[in-house]
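Model the full structure from these sequences, guided by the hints.
Number of protein chains: 2
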Amino acid sequence: MTAKKKDKSALSENEGITQPDSFSSQSIAAIQNLRRQKVSPEILIEGILKGDKVSLSRAITLIESTNPEHQNKANTIINACLPYANKSVRVGITGVPGVGKSTFIEAFGLYLTGLGKKVAVLAIDPSSSISRGSILGDKTRMEDLVKDTNAYIRPSASGESLGGVSRKTRESIILCEACGFDTILIETVGVGQSETAVHSMVDFFLLLNLAGAGDELQGIKRGIMEMADAVVINKADGDNLAKARNAKLDVNRALHLFPVKPSGWQPKVVLASAFYKTGIENVWEMITDYLQLTTENSYLETHRREQNQYWMMETINEQLLQKFYNNSDVIALLNENKKAVQKNEKSPFAAAFEILAFYENKNKEI
Amino acid sequence: MTAKKKDKSALSENEGITQPDSFSSQSIAAIQNLRRQKVSPEILIEGILKGDKVSLSRAITLIESTNPEHQNKANTIINACLPYANKSVRVGITGVPGVGKSTFIEAFGLYLTGLGKKVAVLAIDPSSSISRGSILGDKTRMEDLVKDTNAYIRPSASGESLGGVSRKTRESIILCEACGFDTILIETVGVGQSETAVHSMVDFFLLLNLAGAGDELQGIKRGIMEMADAVVINKADGDNLAKARNAKLDVNRALHLFPVKPSGWQPKVVLASAFYKTGIENVWEMITDYLQLTTENSYLETHRREQNQYWMMETINEQLLQKFYNNSDVIALLNENKKAVQKNEKSPFAAAFEILAFYENKNKEI
Chain A
1 MTAKKKDKSA
11 LSENEGITQP
21 DSFSSQSIAA
31 IQNLRRQKVS
41 PEILIEGILK
51 GDKVSLSRAI
61 TLIESTNPEH
71 QNKANTIINA
81 CLPYANKSVR
91 VGITGVPGVG
101 KSTFIEAFGL
111 YLTGLGKKVA
121 VLAIDPSSSI
131 SRGSILGDKT
141 RMEDLVKDTN
151 AYIRPSASGE
161 SLGGVSRKTR
171 ESIILCEACG
181 FDTILIETVG
191 VGQSETAVHS
201 MVDFFLLLNL
211 AGAGDELQGI
221 KRGIMEMADA
231 VVINKADGDN
241 LAKARNAKLD
251 VNRALHLFPV
261 KPSGWQPKVV
271 LASAFYKTGI
281 ENVWEMITDY
291 LQLTTENSYL
301 ETHRREQNQY
311 WMMETINEQL
321 LQKFYNNSDV
331 IALLNENKKA
341 VQKNEKSPFA
351 AAFEILAFYE
361 NKNKEI
Chain B
1 MTAKKKDKSA
11 LSENEGITQP
21 DSFSSQSIAA
31 IQNLRRQKVS
41 PEILIEGILK
51 GDKVSLSRAI
61 TLIESTNPEH
71 QNKANTIINA
81 CLPYANKSVR
91 VGITGVPGVG
101 KSTFIEAFGL
111 YLTGLGKKVA
121 VLAIDPSSSI
131 SRGSILGDKT
141 RMEDLVKDTN
151 AYIRPSASGE
161 SLGGVSRKTR
171 ESIILCEACG
181 FDTILIETVG
191 VGQSETAVHS
201 MVDFFLLLNL
211 AGAGDELQGI
221 KRGIMEMADA
231 VVINKADGDN
241 LAKARNAKLD
251 VNRALHLFPV
261 KPSGWQPKVV
271 LASAFYKTGI
281 ENVWEMITDY
291 LQLTTENSYL
301 ETHRREQNQY
311 WMMETINEQL
321 LQKFYNNSDV
331 IALLNENKKA
341 VQKNEKSPFA
351 AAFEILAFYE
361 NKNKEI
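Chains as they are written, first to last, in full-length UniProt numbering: chain A, 1 to 366; chain B, 1 to 366.
Be aware that a few hints might be false.
Any copy, or any two copies together, can satisfy a pair, since identical chains are not distinguished.
Claimed, not checked - Subject to a maximum C-alpha distance of 16 Å in a straight line, what follows is the list of computed EDC-like cross-link-like pairs (lysine to aspartate or glutamate):
(1) Lys117 to Asp148
(2) Lys323 to Glu360
(3) Lys168 to Glu314
(4) Lys268 to Glu285
(5) Lys338 to Glu306
(6) Lys87 to Glu345
(7) Lys343 to Glu306
(8) Lys339 to Glu306
(9) Lys343 to Glu301
(10) Lys338 to Glu314
Simulated from the structure, these hints should not be mistaken for laboratory data.
What follows is the structure, given as structure tokens:
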């Protein structure tokens, strides 16, 4: 027992018995295989049309991918889903941080699923692309809605231009509709960049406000208020209620200053408390009124057609510019010319035309 | 005398003597020849650098032309003028119709030529391109300034996109500077479209306002007021003076609500009466103060460099899109796809990518 082998280190270990693998290597291989496996667009389309949320998520991931192969697949799926789309109510929801958007969307979403509706929540968040955090990213903020089988929550795509993010959200709507979601809520950060994009993809645009947030705040959001079909004054509860009632009068007066909307709808102000779940049913009732009016006067249909045209043009513009600015040779030439222009060695116009001519020739070569 | 020729009509005329032509046919031919004659860029460059306004006008006409040959000539001229440019004070002037822009510009221009300055007045007017009349078009509105040998007034280019019109105005500034104009005034209509473009090509941005034009009006122009380095309250004369003094306080308060400008300049409010020519010298004094401040803190130089970069990028974006949308095959395919998208037969994205692929292939062929 005292005899020691020379090649043994000071830290020796008795040989024990062989433990079984905690995971079967076969299972691991199967899971890895499944993950690696390229699911065909056809399988995803079938899943989406059957209402399968996993297929929907995988398809939206393809939409969000910058890989050209994924983009091709995404386009196949979108086109297959198109005949089943266009059948939901699309509601845009905006408001500055702190106004209680998440709480409101959760309360509103649960109210709608309670009515037997299927609710999808998407987000447009340009800020996440410049790493200022993202909305809907923290799903735990909507704990109860996440668990609801009739709800689907998708955080926003990030790391792209606003144009790209918006288009991808717009494309995701098509898939959600084909997947059977009849009410789509689209959240936006409410700082004035992405609201126009959201406005151009929804039927009804809702601005969340607080009572007593001050005149200045209202002014900043003037561009947004002009787009709103309704202003919901949130946190209208307890001690806040009297202030909220006054705010309702003020906002109503402000809304009447704007020109009449082409929809024929007069924007309304609703008091609500997402926390105490009051006023939520009034918001939905108002949207129902709006849908009735705009179906009767056929604005809803006309408006959606115009929105489709808008997205066609937006996509073209975005892609034309993106293709140019993503070209590595263009990037190099651009940086070179930026310096020359800064030093006044070259006119900005001459520099621009030089780069454009280079790009044009390059396109011919390929 | 009673004998009448059968072929004479009831209305006969005695043959008179032959009158001399009021214009010599040789002169006509010479003038037509001169007009037809293609003046070389070199001759125009020489003229511009000598301060010849006719050469300047002809060169600006080349800038405004859509003929590719003219555009090439214009680019040659711009590049030759570039080393002599960048030496003026560029002032943007805006204000809603009725605020007295023409009267103010005339009074201000005459004051400046009185100081020995050479003043060029240009305009950006997107409205003229959609036939809603044009600004500066009626030169008679500035009768005295037009006659001033040290002033040059050029009505705005029309019939183009705002992007195109803006770029051409920006290019014209270079020529005016090379022609010896040391103060460039750029007028814009003040309805909120072209102000950003003007703001991006001037050193100092001036908003003309009236006293008592009402809160609503001020609100609409909020986006413009934010850009202003000064607000001039015009028509501050006679019975209007007390009202104008109150307005000055109001506007000053409003201006202080905006964040501090990167120039370090605190925007000012000045009372003036263009008609009675009062307060005009205060406006110029203020601009001089501004120039001193921004020269010392080197903002003026940095800002112009940034503006040049902006114009390089703007020109690229404008040209990329224009080339696409001017392609006749693209136009046809676009119209076709618009219909398909409207009828929901095709997704807006699929349509966009189809047209883009067609365009890309076409570019390779040429």
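Evaluation of the provided hints:
In this assembly of identical chains, Lys117 and Asp148 lie within 16 Å of each other by CA distance solely inside one copy; the values are 11 Å within and 74 Å between copies. Proximity of Lys323 and Glu360 under a CA criterion of 16 Å is satisfied in both settings, with 12 Å inside one chain copy and 11 Å between copies. In this assembly of identical chains, Lys168 and Glu314 lie within 16 Å of each other by CA distance solely inside one copy; the values are 12 Å within and 25 Å between copies. For the homomeric pair Lys268 and Glu285, the shortest alpha-carbon distance inside one copy (12 Å) is at most 16 Å, but the shortest distance between copies (50 Å) is not.
Taking the shortest alpha-carbon separations for Lys338 and Glu306, only the inter-copy value of 10 Å comes in at or below 16 Å, while the best intra-copy value is 38 Å. Taking the closest pair of Cα atoms, Lys87 and Glu345 come within 16 Å of each other only across two copies (15 Å); inside a single copy the shortest separation is 57 Å, beyond that limit. Taking the shortest Cα distances, Lys343 and Glu306 sit within 16 Å of each other only across copies (11 Å), while inside one copy they are farther apart (45 Å). Taking the closest pair of Cα atoms, Lys339 and Glu306 come within 16 Å of each other only across two copies (11 Å); inside a single copy the shortest separation is 42 Å, beyond that limit.
For the identical chains of this complex, Lys343 and Glu301 are inter-copy neighbours only, at 10 Å across copies versus 53 Å inside a copy, given an alpha-carbon limit of 16 Å. Proximity of Lys338 and Glu314 under a CA criterion of 16 Å is satisfied inter-copy only: 13 Å between copies versus 27 Å inside one chain copy.
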